[in-house]
Every structure is written in C-alpha cells, then in structure tokens.
Amino acid sequence: MIEITGLTKRYGSHTVLDNIDFTVESGSIVAVVGRSGAGKSTLFRCVNLLERPTSGTVRVDGQELTHLSRGELRVARRAIGTVFQSANLLRRLTAAQNVALPLRFLGLTEEEIHKRVRELLDRVGMLHRANHYPGQLSGGQRQRIGIARGLATQPSVLLADEATSGLDPETTGSILRLLTGLRDDLAVTIVVITHEMDVVRSVADVVAHLDHGRIVEFGRVGDVVRRSDSTLSTALLPDQPAPRPPAGEVVWQLRYQEAAVDPSWLSRISRELDTDIALLSGLVETVGGDHAGRLTVRIGAHLAEDKVVHAFAAHGIHARMAQAAGELAGVPS
Amino acid sequence: MTTHVLALGTPWSGVPALVLPAFGQTAEMVGIVMAIVVLVGGPLGLLIFNTSPRGLAPQPRVNAVVSWFANLGRSLPFLVLMAAIIPFTQLVVGTTIGLKAAIIPMSLAGIPFFARLMENAIREVPRELLDVGVASGASRWQIIRSIQLTEGLPGIAAGLTLNMIAMIEYSAIAGAIGAGGLGYLAVNDGYEQFDGTIMISCIALLILVVQVIQFTGDRVVRSLLH
Ligand SMILES: Nc1ncnc2c1ncn2[C@@H]1O[C@H](COP(=O)(O)OP(=O)(O)O)[C@@H](O)[C@H]1O
Ligand SMILES: [Mg+2]
Chain F
1 MIEITGLTKR
11 YGSHTVLDNI
21 DFTVESGSIV
31 AVVGRSGAGK
41 STLFRCVNLL
51 ERPTSGTVRV
61 DGQELTHLSR
71 GELRVARRAI
81 GTVFQSANLL
91 RRLTAAQNVA
101 LPLRFLGLTE
111 EEIHKRVREL
121 LDRVGMLHRA
131 NHYPGQLSGG
141 QRQRIGIARG
151 LATQPSVLLA
161 DEATSGLDPE
171 TTGSILRLLT
181 GLRDDLAVTI
191 VVITHEMDVV
201 RSVADVVAHL
211 DHGRIVEFGR
221 VGDVVRRSDS
231 TLSTALLPDQ
241 PAPRPPAGEV
251 VWQLRYQEAA
261 VDPSWLSRIS
271 RELDTDIALL
281 SGLVETVGGD
291 HAGRLTVRIG
301 AHLAEDKVVH
311 AFAAHGIHAR
321 MAQAAGELAG
331 VPS
Chain Z
334 MTTHVLALGT
344 PWSGVPALVL
354 PAFGQTAEMV
364 GIVMAIVVLV
374 GGPLGLLIFN
384 TSPRGLAPQP
394 RVNAVVSWFA
404 NLGRSLPFLV
414 LMAAIIPFTQ
424 LVVGTTIGLK
434 AAIIPMSLAG
444 IPFFARLMEN
454 AIREVPRELL
464 DVGVASGASR
474 WQIIRSIQLT
484 EGLPGIAAGL
494 TLNMIAMIEY
504 SAIAGAIGAG
514 GLGYLAVNDG
524 YEQFDGTIMI
534 SCIALLILVV
544 QVIQFTGDRV
554 VRSLLH
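Just so you know, the protein sequences line up as chains F and Z, in that order. With the first letter of the first sequence counted as 1, position 193 gets the number 193 in the working numbering; the numbers rise by one all the way through. Convert by adding 333 to the 1-based position in the second sequence; the result is the number in the working numbering.
Hint data in this document are derived by calculation from the structure and do not stem from the laboratory. A hint or two may mislead.
[Stated by the list, open to error] Residues from chain Z that face chain F, not an exhaustive set, calculated with beta carbons under 7 Å: (1) V458; (2) E461; (3) G470; (4) Q475.
[Unchecked claim] Sample of chain Z residues at the chain F side, in silico, Cβ under 7 Å: (5) D464; (6) V467; (7) S469; (8) A471.
[Said to hold, decoys possible] Here are some chain F residues the structure puts well away from chain Z; computed CB gaps all over 10 Å: (9) E3; (10) F22; (11) L101; (12) P134; (13) R214; (14) E249; (15) G282.
Heads up, the beta-carbon is just placed ideally off N, CA and C, and yes, glycines get one too.
Here chain F stands alone, though its shape is the one from the complex:
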C-alpha cells in the first residue's frame, strides 16, 4: 500500500508536484497518466525517494520513508521494485547478471542468487535469453528483464515508468499480462506511469490524471469512464467520429452510464421508439470489470429529443445529439 500526503516537489521556483494526496491499495494497479512534463516521472522518483520531496510524506506499507536514515532507506527500498523507462539494463552484464544485481547488493549466496534468477527469468518468460547481453535483445525483451530485476527483492510495490512506451501493441500486451499476473498471483501493488490510454483501459484498477503537478482526476477506471464531464473519460474512450447524416436523420453520441448495461439495448430501444437505429461506430468493452461503451448512432429527426434521451437513459445510456459541426466527419470546423 502506498500513501502519499501533501507531496510537493520544487526545483528552484519551479513547482513540479503541487501538494499531491494519493493512496494506492494493496494488490491493485494504479495508472498515472498525464501529458509530457506533467510531473509523472518526478512523482515516480519521489515514491522511492530517488528524488527527495520538498515537503509531504510518502508511506509504503505503513512505513514513512522521508524520515529514514540512509541505511534504513536502503532496506526500505528493497520492498519497492522499480522498472525504468527503456529498462536501464547494464550493457556489460548478461540478462541473468542484470537480474542478479539487486540480489548481489543484498548479499545472497551465489547458490541462492542462481536459483532466484532462474525463477525470475522464468516468470517473465526469458529463461532462454539468460546469457544474452542487452544489445542482443529486443525492446520488449529488455523490458521483461527490467521487470524481472525490479521483482528480484520480492517487493510488495512495483513502480513502472513508461514500461511499455515505444513497444508494439503485441509486446505491450504481453508486458501488461505480466503485470496483471503479478497483481493477481503475488498481490503486488503496481504503479504504472503511462501516456497510453490503452494501457490504462486494459490493466488499471484505478487511474490518476496528473496535470501541472496536480492530480486533477482520480477514481476507479470503470467509474471514470462513465463520467460525462471528464476529459479523462473522453481520453479513455474517445467519441467516435460519425459521417454526416442524410436529411431527416440525426446523429447521436452515446455513452454507457451504468456499470451493467444490458447488451441487447439496441433492439430493445428500437422497439420502444418504434424506429430504426443505425449503428455508425462504437467501442464497447470491459474496463476494470465494468461495461464501458461509446457509440454513435443515427435516428430519424422526427423523434423528439427528450423522448430519445429518456429512452436511452432507461437503459443506462447517456445520449447526446451530435450538433457541433466538428463532431461530424467531413465537415470542416
């Protein structure tokens, strides 16, 4: 469990993190998203005290880190695994030697180290690359080795800064399955820093949106996706562009508003309104265990607006007429 209170970090007069309060429950994955320069990496570096906060406290599993002595902090850091952007492997060490590094620091015997390293490489599916040097591995393979190294000291918390940035979707998928596996099998608390919304949708339980050093939005991913007035929600499930409707038809933007929407809503509402509903585009998926969806549909213009809104609302769907010209593809805005 990670508890951050009043965390502020300044470089000179430049406030990079501004009074951040933030809790991550044990065994959950939290995604921290935000634009480049928002302070994500600084937050990451403050959690394991690579960067000393200007003020505020950082607790990991109940232990407050900012007051520890150098020696105590060294011990505490072993409970925090760190996965760096672009893996940060030592070029002159093999994959196995890289993974062994934290165990060497810990002073384990060669025998113990050998055994642990094999287990770790096996977990990340890299046993067959144990004696390869980083220069001989692909980006995704290096990242797996980086994760194995982050897990070497059996941490209860894993921090990953942009662990999937620059990887292809397939490799990203395999890294993310690895992370969810860690959460589910080992109850590791994971903080994923990313700017990729796909990553948030597919693995995160909780999402925090960092902007100019403040957390501007926070919540369970399933809840955030259903918010109507949220930039994060739109970023997670973008509105689908719709073609310009023919005369007498109107385009509607739909968003699932409840966690459980009956998937047969389309035919049901069609029957209730006694009209055809044309499905133009849409994205429906399970996010954080809940149904989430954003779609555009086309309905005859003869129906009263509030009648349509009510019909959809009865099925847990928020409906809005796509009026702004920019929302319709092919219309210059």
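Please build the complex by placing chain Z with the ligands on the supplied structure of chain F, with the hints as guidance.
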C-alpha cells in the same frame, strides 16, 4: 653554429645489446609508474566524479579542491614539473638521478592525467544506471563497484592505453636525468654521439611499442563492449 650529422655508428649487429636493455628500463619505469598511477589516480578520478553534482555524494568543496590539484598537476609541462620538484624527489627517494628519481615526477604527472581519464570514463556511465543501484538498495560502494566500474570499464581501458603511451613519452624526457630507457639512448647515443644506427633503432622500437599498445588497447576496449 654546430650541425649534427648523423652517421651510421654502431654496426647493426651491436644494436640489440644496447637497445634491448634500454627497452627493459623503459618497460620497468612505465610499469612501476602505471601501477602507482592506477592505484592513486583511479580512486582520485572516482572521488572527483562522485563529489561532483552528478555523483553519488555531491560535495562541492571537496570536488573543487581535488579538481584544482588535478588541474595543477596537468597544467605544467613535464620537463618543468620534473625540474620544479627536484627537492621533493630528493626527499622521497634520496636521489635526483636515475630510475628511482624518474618515477616520482612521472607519477606526479601521470596521476592527475589518469584521474581525469577515469573521471571521464565514469561520467560516460548513464545517470539512470546509478538510479538502478540506488533504487535497488545498493550502498555507494556497491554502486561504484558493480555499476560505475563495471559499465565504465571500456572507457577505463581506453584511458589506460592513452595514459601508458603518455608515460612512455615522459620516460623519454626523464631520460634527461639519467633514468635510462629508449628515449635516453636515442638522445644520448643517437643524437649527441651522432650514432644513426642507434637513433633509427630506438625510433623504430618506440613506434612499434606505441602501435602495439594502441592496437592491443583498442582490441581490449572492443572486447569489453557487448
Ligand atoms: N532535476 C530536475 N531539475 C529541474 N527540473 C526538473 C528536473 N526533473 C524534472 N524537472 C521538470 O519537472 C517537470 C516534470 O518533469 P517529469 O516529471 O519528467 O514529467 P513527465 O514524466 O510527466 O513527462 C518538467 O517541466 C521538467 O523540466
Ligand atoms: Mg516521464
């Protein structure tokens, strides 16, 4: 105005008897000095880097003082340094001529030189790799050993090569205080006694030695990079 005319003096068959012992003296001088330079200059280079703002334990004052001394040692031409510290040399080794006397100024010149080369090699190790050590709970000493020295090794090997070649050059200058070696032989017999055979042999051997060191050094550096 005197002109020295090089004439073939020593017959070629007599060259090895003169040149080989000189080569041995050069090797001894450079070998001893390199050992001192690495043992003192190496840690000094680590100290300079790690007390700098980017290092493991930034100490601006310590860094300024140590850097200043290192620069001082490098700013004097070797010949001037050698002459300037004669009293110090006398104090330490009890003589101002010969091999023992040459080792003192050569080490004093070599140590700051190697310290800078060491510092540069360690500086080349990406900062993020130090973070890996800190984040996994390593002590400073563990980070120096397992990360800085391990990852910096190719750069350190390149520095050693450069340093060794510089020490061969210094050993020739130190020949002037009777330290012996190839440089001394070339100047004393080859130049002053107009012995062309010796001059040519010494030059050829010096070129060969430097080339071999550079070639071997480059090979070692390449084999250390994966
Ligand atoms: N060591 C530092 N010194 C000064 N400014 C820094 C330092 N590290 C980061 N910053 C500044 O903090 C801001 C946030 O950086 P960062 O945390 O890396 O953002 P992100 O990871 O979200 O892209 C940037 O404006 C950056 O310039
Ligand atoms: Mg960043």
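Hint check against the structure, violated hint numbers in rising order: 1, 11 and 12
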